[in-house]
Amino acid sequence: MAMTGYVKMQKAVLGIATEILMTVVIMLSALGLCWLLVVANP
Amino acid sequence: MILRPRLQDFRIIGQYSGRMIFGLGFLMLLPLFVAIYFGEFDAALDFVIGVCFCLIAGSGLIMSCFTRKELTWKHGMVVVSLSWLLAMFFGAVPLYLSRHWACFLDACFDAMSGFATTGLTLVQDLDHLSYAHNMWRHLMMYIGGQGIMIVALTFLVRGAESALPIYVGEAREEKVLPNVVQTARFIWLVSLVYLVMGTLALSFTAFSGGMPTDRSILHGLWIAMAAWDTGGFAPQSQNILYYHNFTFELITMALMLLGSLNFSLHFALWSGKRKEIFRNIETVSFFISVTVLFGLTGFGLMLTRAYPGVISLFRKGFYQVISAHTGTGYMTIHPEQFVHQWSPLSLLGIIFCMAIGAGACSTAGGIKILRIGMISRALFRDIKRTMLPRSAVIIDKMHHIKDIVLGEKQIRQAALIMLAYIFLYLMGTVVGVWTGYPLRLALFESVSAAANVGLSCGITTPAMPAVLKVTYIFQMWAGRLEFVSVFALLGTIFALVKGK
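Protein chains in written order, with my numbering: chain A, 1 to 42; chain B, 1 to 500.
It cannot be assumed that every hint is accurate.
Claimed, not checked - Listed below are several chain A residues computed to face chain B (Cβ distance under 7 Å; list not exhaustive):
{"#": "1", "residue": "6"}
{"#": "2", "residue": "12"}
{"#": "3", "residue": "15"}
{"#": "4", "residue": "18"}
{"#": "5", "residue": "19"}
{"#": "6", "residue": "22"}
{"#": "7", "residue": "23"}
{"#": "8", "residue": "31"}
{"#": "9", "residue": "35"}
{"#": "10", "residue": "37"}
{"#": "11", "residue": "38"}
Said to hold, decoys possible - Calculated cross-link-like contacts (lysine-lysine; reagent style DSS-like; alpha-carbon spacing at most 25 Å):
{"#": "12", "chain 1": "B", "residue 1": "469", "chain 2": "B", "residue 2": "498"}
{"#": "13", "chain 1": "B", "residue 1": "74", "chain 2": "B", "residue 2": "498"}
{"#": "14", "chain 1": "B", "residue 1": "500", "chain 2": "B", "residue 2": "69"}
{"#": "15", "chain 1": "B", "residue 1": "273", "chain 2": "A", "residue 2": "8"}
{"#": "16", "chain 1": "B", "residue 1": "384", "chain 2": "B", "residue 2": "397"}
{"#": "17", "chain 1": "B", "residue 1": "409", "chain 2": "B", "residue 2": "74"}
{"#": "18", "chain 1": "A", "residue 1": "11", "chain 2": "B", "residue 2": "275"}
{"#": "19", "chain 1": "B", "residue 1": "397", "chain 2": "B", "residue 2": "409"}
{"#": "20", "chain 1": "B", "residue 1": "397", "chain 2": "B", "residue 2": "273"}
{"#": "21", "chain 1": "A", "residue 1": "8", "chain 2": "B", "residue 2": "402"}
{"#": "22", "chain 1": "B", "residue 1": "275", "chain 2": "B", "residue 2": "402"}
{"#": "23", "chain 1": "B", "residue 1": "402", "chain 2": "B", "residue 2": "384"}
{"#": "24", "chain 1": "A", "residue 1": "11", "chain 2": "B", "residue 2": "402"}
{"#": "25", "chain 1": "B", "residue 1": "273", "chain 2": "B", "residue 2": "402"}
{"#": "26", "chain 1": "B", "residue 1": "397", "chain 2": "B", "residue 2": "275"}
{"#": "27", "chain 1": "A", "residue 1": "8", "chain 2": "B", "residue 2": "275"}
{"#": "28", "chain 1": "B", "residue 1": "273", "chain 2": "A", "residue 2": "11"}
{"#": "29", "chain 1": "B", "residue 1": "74", "chain 2": "B", "residue 2": "397"}
To be clear, the hints were calculated from the coordinates, so they are not data collected in a lab. Here a beta-carbon is modelled for each residue, glycine too, at the ideal position from N, C-alpha and C.
Work out the full structure: start from the sequences and follow the hints.
Here is the structure:
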């Protein structure tokens with residue numbers, strides 16, 4: 001029972017980490033797009 | 001033949017509505033404690049009056065409408081839409097008593113804006129509003145984002161059978177877990193986890209920036225609540241611009257993105273299905289939409305040289321795009337800058353972002369990216385059909401947690417809701433133009449209200465005509481509930497008048 005609970009918590013923590021990583025990727029992609037827009041319009 | 005509602009129907013509706021109002025009274029105890037803790041005794045009295053109103057009205061309705069009958073679908077839909085209106089009226093009482101709102105209509109506007117997680121506000125002198133009233137504004141937003149009736153489901157509803165119509169009536173069609181009460185509790189779990197994480201991160205950032213400890217904690221809590229619930233209320237009139245802090249903006253951006261995800265997707269990711277993030281039609285469609293619309297908006301901003309640097313374009317341009325697309329409404333610019341600095345092309349990009357919205361079964365508003373994804377796929381399928389032989393059989397599937405065959409019924413439902421939203425956007429635009437505002441600004445503000453975003457180009461002020469305030473209140477209400485329960489209430493009123 002305790003092991004099941006531990007495994008569930010581990011999956012949830014990894015899920016949260018995945019979601020936060022997704023937001024970081026979106027923001028970095030946006031920074032890249034900003035750089036392209038600025039460079040393309042000198 | 002239309003059947004007139006019977007007394008039994010009103011008893012059921014009255015009893016459940018009474019329970020909701022009773023619960024609202026208990027929620028007002030939190031800002032009351034905040035008022036007492038900080039010595040804001042005028043504010044405390046406002047909440048004592050508010051609590052008394054709710055408890056007396058709620059218990060009066062429960063006792064006078066006592067029945068042992070369970071909710072049916074029809075009753076559930078009417079209870080949801082009516083409860084949201086009643087929550088607006090009772091929630092506005094302590095706001096109006098603070099004298100920071102010019103009239104009761106303005107207080108109702110802010111209460112509906114809070115519950116519907118819109119973020120448009122008519123408050124006067126927000127910078128000097130009491131901590132207690134700010135706590136109530138943000139609590140309304142947090143509760144509204146979860147769903148007022150979801151709160152009720154978690155604590156007040158006996159059985160899952162009664163709960164389902166209420167759950168669906170609040171524009172949540174997807175059941176994350178087999179039982180809707182369990183689904184409601186999972187939604188709360190996710191919300192509380194991210195609230196704690198967001199509050200800690202934002203409070204620490206504010207404290208590191210020099211804000212006193214008690215203000216850091218309160219501001220961190222309120223901003224985390226409103227960012228996660230994609231609401232957009234802020235404790236200062238300058239919104240997120242007040243903090244002048246890049247880290248603060250990044251954290252709020254992350255919270256907005258997380259809050260705009262479908263709760264079914266949260267469940268899938270928290271259950272170990274991490275590849276879902278690449279396969280889900282919502283995440284793929286959202287990524288494409290943000291990229292295209294930021295490209296459009298950014299290009300428009302480069303035309304006017306509004307933000308010539310990479311970081312300024314990111315902080316002012318991309319921040320507003322994410323705020324609009326997730327339906328939050330947080331701003332790192334002044335509303336007047338939309339009018340004077342942003343080109344019509346970039347304004348159009350923001351309007352599209354607001355209109356589309358984010359994940360279904362999330363805290364966000366708008367048409368919803370899932371419907372856009374479904375309709376886009378249906379369009380490509382129809383184009384493919386014209387190019388293939390007549391006898392060809394095309395089975396189109398989409399992946400949303402599981403593989404789903406895209407049938408005509410789902411596409412028709414998605415298209416109908418999209419049409420209803422477009423009609424709502426146009427209705428508000430017509431009223432805005434009729435009351436004297438320019439077309440593009442009236443369209444911007446109307447879409448912001450109906451899609452529950454909260455970005456403003458300056459139209460939403462206490463000086464706004466009353467007819468426009470009532471129009472935006474209706475738009476926020478109908479947009480949040482996605483029409484079905486609103487039509488159910490209007491249908492019941494029609495049946496009461498014309499029925500036999």
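Cross-check of the supplied hints:
no.: 1; hint: 6; result: 13 Å, violated
no.: 2; hint: 12; result: 4 Å, holds
no.: 3; hint: 15; result: 4 Å, holds
no.: 4; hint: 18; result: 5 Å, holds
no.: 5; hint: 19; result: 6 Å, holds
no.: 6; hint: 22; result: 6 Å, holds
no.: 7; hint: 23; result: 4 Å, holds
no.: 8; hint: 31; result: 6 Å, holds
no.: 9; hint: 35; result: 5 Å, holds
no.: 10; hint: 37; result: 5 Å, holds
no.: 11; hint: 38; result: 5 Å, holds
no.: 12; hint: B:469 - B:498; result: 30 Å, violated
no.: 13; hint: B:74 - B:498; result: 18 Å, holds
no.: 14; hint: B:500 - B:69; result: 23 Å, holds
no.: 15; hint: B:273 - A:8; result: 12 Å, holds
no.: 16; hint: B:384 - B:397; result: 14 Å, holds
no.: 17; hint: B:409 - B:74; result: 22 Å, holds
no.: 18; hint: A:11 - B:275; result: 13 Å, holds
no.: 19; hint: B:397 - B:409; result: 14 Å, holds
no.: 20; hint: B:397 - B:273; result: 19 Å, holds
no.: 21; hint: A:8 - B:402; result: 21 Å, holds
no.: 22; hint: B:275 - B:402; result: 12 Å, holds
no.: 23; hint: B:402 - B:384; result: 24 Å, holds
no.: 24; hint: A:11 - B:402; result: 19 Å, holds
no.: 25; hint: B:273 - B:402; result: 11 Å, holds
no.: 26; hint: B:397 - B:275; result: 18 Å, holds
no.: 27; hint: A:8 - B:275; result: 17 Å, holds
no.: 28; hint: B:273 - A:11; result: 9 Å, holds
no.: 29; hint: B:74 - B:397; result: 32 Å, violated
Of the numbered hints given earlier, the model fails hints 1, 12, 29; all others are met.
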